[in-house]
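Undergrad: Start from the sequences and build out the full structure, keeping to the hints where you can.
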Amino acid sequence: MSWAVATNNFWAAVLSLTFPRMLIALTAQGAFGFYAGLNVIAFVLIFLFLPETKQRTLEELDYVFAVSTRRHARYQLGTALPWWFKRWVLFRKGATCPDLYHFESTEQYTDKEYAAMAAQKGNGMTKEV
Numbered sequence: 006m007s008w009a010v011a012t013n014n015f016w017a018a019v020l021s022l023t024f025p026r027m028l029i030a031l032t033a034q035g036a037f038g039f040y041a042g043l044n045v046i047a048f049v050l051i052f053l054f055l056p057e058t059k060q061r062t063l064e065e066l067d068y069v070f071a072v073s074t075r076r077h078a079r080y081q082l083g084t085a086l087p088w089w090f091k092r093w094v095l096f097r098k099g100a101t102c103p104d105l106y107h108f109e110s111t112e113q114y115t116d117k118e119y120a121a122m123a124a125q126k127g128n129g130m131t132k133e134v
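If you count by our numbering, then the sequence shown holds residues 6 to 134, one letter each, in order.
It should be emphasised that the hints constitute simulated quantities derived from the structure, not laboratory data. Certain hints may be false.
[What the hints assert, rightly or not] Pairwise CB distance ranges, derived in the manner of DEER restraints:
#1 Gly38 / Glu64: 38 to 46 Å
#2 Thr74 / Leu28: 48 to 56 Å
#3 Leu43 / Ser7: 22 to 30 Å
#4 Leu22 / Ala100: 43 to 51 Å
#5 Phe37 / Glu64: 24 to 32 Å
#6 Leu82 / Leu22: 21 to 29 Å
#7 Thr12 / Gln125: 39 to 47 Å
#8 Thr32 / Leu55: 31 to 39 Å
#9 Leu55 / Ala17: 37 to 45 Å
Note that CB positions come from ideal geometry on N, CA and C, so glycine has one too.
TA: What follows is the structure, given as structure tokens:
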């Protein structure tokens with residue numbers, strides 16, 4: 006956590022030192038346009054090169070990071086992006102996005118099954134929905 010705070014404070018200092026000069030050189034529209042352009046570039050790079058790791062076990066992360074970056078970028082451009090466009094722009098609720106990762110030993114449980122397993126074990130396992 007301290008590393009994140011230190012990094013945030015460092016870049017805040019860099020921004021506060023460079024922004025007045027950029028404001029003079031580029032005017033307000035140019036300075037904010039520059040930062041908007043950096044955000045667009047960051048969005049594209051994150052979309053193409055960073056796999057989603059949310060709610061994955063360590064075993065599943067082995068599968069996620071075993072996929073090459075080139076294959077992940079190809080999947081994002083050729084499969085995930087067209088699916089997103091169909092689903093959220095054209096509002097086709099039946100559109101499905103095929104998975105890139107196929108986990109061998111993971112099991113998916115419904116909330117009722119998970120609650121039943123927790124009750125059997127009696128260890129107070131809970132799943133937040």
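Undergrad: State for each hint whether it applies.
TA: Status of the hints after comparison with the structure:
Here the CB-CB span from Gly38 to Glu64 is close to 45 Å, well matched to the stated 38 to 46 Å. Roughly 37 Å separates the CB atoms of Thr74 and Leu28, a value that falls outside the hinted 48 to 56 Å. Look at Leu43 against Ser7: about 26 Å separates their beta carbons, and that is inside 22 to 30 Å. Checking the proposed 43 to 51 Å range against Leu22 and Ala100 shows it holds: the Cβ atoms sit about 47 Å from each other.
Take Phe37 and Glu64: their Cβ atoms lie about 44 Å apart, and the range 24 to 32 Å is violated. A hinted range of 21 to 29 Å is violated for the C-beta pair Leu82 and Leu22, which are about 37 Å apart. For Thr12 and Gln125, the hinted distance range of 39 to 47 Å is satisfied, since their beta carbons lie about 45 Å from each other. Roughly 33 Å separates the CB atoms of Thr32 and Leu55, a value that falls within the hinted 31 to 39 Å.
Range check, Leu55 to Ala17: about 23 Å between beta-carbon atoms, so the 37 to 45 Å window is missed.
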